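Use these hints to put chain U onto chain Z, whose structure you have.
Each chain, written out:
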Amino acid sequence: MAETVADTRRLITKPQNLNDAYGPPSNFLDDVSNPQTVGVGRGRFTTYEIRVKTNLPIFKLKESTVRRKYSDFEWLRSELERESKVVVPPLPGKAFLRQLPFRGDDGIFDDNFIEERKQGLEQFINKVAGHPLAQNERCLHMFLQDEIIDKSYTPSKIRHA
Amino acid sequence: MSFFGFGQSVDVDILLNDADSRKRAEHKTEDGKKDKYFLFYDGETVSGKVSLALKNPNKRLEHQGIKVEFIGQIELYYDRGNHHEFVSLVKDLARPGEVTQSQAFDFEFTHVEKPYESYTGQNVKLRYFLRATISRRLNDVVKEMDIVVHTLSTYPELNSSIKMEVGIEDCLHIEFEYNKSKYHLKDVIVGKIYFLLVRIKIKHMEIDIIKRETTGTGPNVYHENDTIAKYEIMDGAPVRGESIPIRLFLAGYELTPTMRDINKKFSVRYYLNLVLIDEEERRYFKQQEVVLWRKGDIVRKSMSHQAAIASQRFEGTAPLGEARTPGQLSDGSSRQ
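Top line first, the protein sequences correspond to chains Z and U. Under full-length UniProt numbering, the first residue of the first sequence carries the number 1, and numbering increases by one thereafter. Under full-length UniProt numbering, the first residue of the second sequence carries the number 1, and numbering increases by one thereafter.
Certain hints may be false.
Listed below are the simulated DSSO-like cross-link pairs for lysine-lysine, each with C-alpha atoms no more than 30 Å apart in a straight line [to be verified]:
#1 Z:Lys14 / U:Lys230
#2 U:Lys286 / Z:Lys14
#3 U:Lys203 / Z:Lys85
#4 U:Lys201 / Z:Lys85
#5 Z:Lys14 / U:Lys163
#6 U:Lys36 / Z:Lys127
#7 U:Lys192 / U:Lys182
#8 U:Lys33 / Z:Lys14
#9 Z:Lys53 / U:Lys201
#10 U:Lys201 / Z:Lys69
#11 U:Lys230 / Z:Lys85
#12 U:Lys265 / U:Lys34
#13 Z:Lys85 / Z:Lys69
#14 U:Lys33 / Z:Lys118
#15 U:Lys186 / U:Lys33
#16 Z:Lys157 / Z:Lys62
#17 Z:Lys14 / U:Lys180
Computed list of chain Z residues with no C-beta within reach of chain U, every gap over 10 Å [stated by the list, open to error]:
#18 Arg68
#19 Leu97
#20 Tyr153
Keep in mind that the hints were calculated from the coordinates and are not lab data. Treat the numbers as computed from the prediction; the structure is a model and nothing was measured. Cβ coordinates follow ideal geometry from the N, Cα and C atoms, glycine included.
Bound-form chain Z, shown alone:
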């Protein structure tokens, strides 16, 4: 029985421009590294180096490096939760127990702990910085590329660098 054979030929497409085919893909790379503990005594805190390399036009700087501490990440997270519709991923733990005195180890300045926290922060910032909606938020750009975070800034959306 002759059934009509369906036409399964591909639809006509535009040939790809060679520049597009072989050009560098639009991309970004976030690194959290080089933790350093600064200060003495009760005023001590640990900062982490955050390096961004990108060719996405929405970022003002193609390469940038800043130092941030854990509470800065907390600030970024709460800003994003409030300002954007993004479901913001969780941060690595706040480690309240480690802040109590009379511990056997170095508490929140323990090397292993800092290493684990550093990896958690890197995962967090990669998830957030790659999110198309989070990329529109002024707070993210300030966090990643401005020297100092101005916590009294006016939240706004960024269209294009």
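Relative to chain Z, chain U alone:
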């Protein structure tokens, strides 16, 4: 399904006159099993006999009347008590009296209207069946026989392609195209996805077929979504200017025709969902409705064996120059 009632003194059976030649079709039952039932189309006559076999030939069967009904009804699972009958035909076979020996009663429902296709879904069921009833004082003897009805359509006159440009500002712009908006159940979805702008790290892309069954009206509308198929069309990260082809054969999936507002009780609609997934498992998607319809087979009605062979021979010598794009044929062609 049959109820024998108290003191099963009689076996009731419903037999169709064209049981030998009529095709059977598979249909899913409520508990997911697949059974074969006789297949009917709109307008076809339903004729047969109701046969009564007395278990004990010496015992007479007193009754208040014997009848056979042809029923088409919609049953909403959350409201089982109320069956909405949209087709109800009755034929009285015997007046109140006695049955002294096993016998058969002929019946014929001519050119019965069967406006909707049989459907068994998650929350609603539409079925057609014959029901023979022997009325008695205490309890009736009832025998039901389900049949399956298919509704056929011809190639639609207008079947434009679906072509759209969608995206997220400055991040991802794609143009997708599907070759038709109306597909028959054994059709192929041919399409393409063209990337105009890619600034996110895409991991892969897939097409899902989603069935949405809607029951209830007004404030009590309930949608049940079911993903019938997931078909990966791209693995890896695309760049600007790339075109990804789509070729999705529908015959491999359990689909029904699109059913819109059947008897104002329920709808079954189908959607193509294009899903892109990035490195962080974020999903970007675009849903588009497609209309599914049932194409008639070449040998549509039950024919005698010889007539069936004759038509097969005729089809086998059809010229090679047949058009390869059924969608471009005009309506009412001999494709039926």
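Hinted pair Lys201 of chain U and Lys69 of chain Z, Cα distance within 30 Å = 28 Å, holds
30 Å Cα cutoff - pair Lys36 of chain U, Lys127 of chain Z = 52 Å, violated
Take the C-alpha atoms of Lys186 of chain U and Lys33 of chain U, compute the straight-line distance between them, and say whether it is at most 30 Å.
-> 22 Å, holds
Straight-line Cα separation of Lys33 of chain U and Lys118 of chain Z no greater than 30 Å?
-> 54 Å, violated
Holds or violated: are the alpha carbons of Lys85 of chain Z and Lys69 of chain Z at most 30 Å from each other?
-> 25 Å, holds
Pairwise hint evaluation, Lys14 of chain Z against Lys286 of chain U, where the allowed Cα distance is 30 Å at most = 22 Å, holds
Does the structure keep Lys14 of chain Z and Lys180 of chain U at a Cα separation of 30 Å or less?
-> Distance of about 20 Å is within 30 Å: holds.
Lys265 of chain U and Lys34 of chain U: Cα distance at most 30 Å?
-> 25 Å, holds
Beyond 10 Å from every Cβ of chain U: is that where the Cβ of Tyr153 of chain Z lies?
-> Since the minimum Cβ distance to chain U is about 22 Å, Tyr153 of chain Z lies beyond 10 Å and the statement holds.
Would you check the hint for Lys14 of chain Z and Lys230 of chain U, treating anything up to 30 Å between C-alpha atoms as holding?
-> It holds: about 27 Å lies between the C-alpha atoms, which stays within 30 Å.
Is Leu97 of chain Z truly not at the interface, in the sense that its beta carbon sits beyond 10 Å from all beta carbons of chain U?
-> 30 Å, holds
Distance rule for Arg68 of chain Z, whose beta carbon must clear each one in chain U by more than 10 Å | 21 Å, holds
Hint violations for this structure: numbers 6, 8, 14, all remaining hints satisfied.
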